[in-house]
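K.L.:
Here is what each chain is made of, one letter per residue.
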Amino acid sequence: AQKITQTQPGMFVQEKEAVTLDCTYDTSDQSYGLFWYKQPSSGEMIFLIYQGSYDEQNATEGRYSLNFQKARKSANLVISASQLGDSAMYFCAMREGSWLFGSGTKLNVKP
Amino acid sequence: SQTIHQWPATLVQPVGSPLSLECTVEGTSNPNLYWYRQAAGRGLQLLFYSVGIGQISSEVPQNLSASRPQDRQFILSSKKLLLSDSGFYLCAWSAGGSSPLHFGNGTRLTVT
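Protein sequence lines, in the order shown, are assigned to chains Z and U.
This note's numbering applies: residue 1 is where the first sequence begins, and numbers increase by one.
This note's numbering applies: residue 1 is where the second sequence begins, and numbers increase by one.
It cannot be assumed that every hint is accurate.
To be verified - A few chain U residues facing chain Z, derived, Cβ under 10 Å:
1. Glu59
2. Ser98
3. Pro100
4. Leu101
5. His102
To be verified - Now the stretches of chain Z that chain U is said to cover, found in silico as 3 or more residues with beta-carbon under 8 Å:
6. 47 to 59
7. 95 to 101
The hints are simulated quantities; they were obtained by calculation from the structure and are not laboratory data.
The structure displayed is predicted, hence computed values, not measured ones.
Cβ atoms here follow ideal geometry from the backbone N, Cα and C, with glycine treated the same way.
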């Protein structure tokens, strides 16, 4: 069955350091998409980055990169040079026909 | 460019009152439309999705309903709100395939 798991309910990182947010998934399909979203305290969901299951290169968008390990079924988000504005909830999501979201990781960036 | 509008931003309603939340998308045609609910500090629960006018799929049985009267309009309704309907409601659209979900700013509903 389709499943997506974020095992870190909360994370702390020092400003300017890199942080990795974990996401594992389970699917029997060969074709699927993996997405990461950021939700600040204001509530809006902001799309950050996408990785297709057939993409051989890890996706990157500015300070965000996705560490895609297909055999391990993991799609971890790496944020480089953390900023105070990165403090938010982060959700991993999978599209395999329908959409499925993880339970989220709350990231706190310390000055 | 595409934009999604969702209103109202906040709403306080008494138990038993009706509900109507509206969402419209601009700059695209035939989008897939979604309603999600998020309890405080929790993940997203898919309530309804629609792939076309008049086509609504419900994921969770409840006292809520959805309608899509026009291609880019998605409405979430209830005839009688329950306390358990309180939460943060998010409308979203997608072009399908590998396109991401794009979310509205959400409606914070408190049922008193």
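K.L.:
Next step is simple, just say for each hint if it's right about the structure.
P.N.:
Do the hints match the structure? See the list:
| no. | hint | verdict |
| --- | --- | --- |
| 1 | Glu59 | 9 Å, holds |
| 2 | Ser98 | 5 Å, holds |
| 3 | Pro100 | 4 Å, holds |
| 4 | Leu101 | 6 Å, holds |
| 5 | His102 | 7 Å, holds |
| 6 | 47 to 59 | holds (count 3) |
| 7 | 95 to 101 | holds (count 4) |
Of the numbered hints stated above, none is contradicted by the structure.
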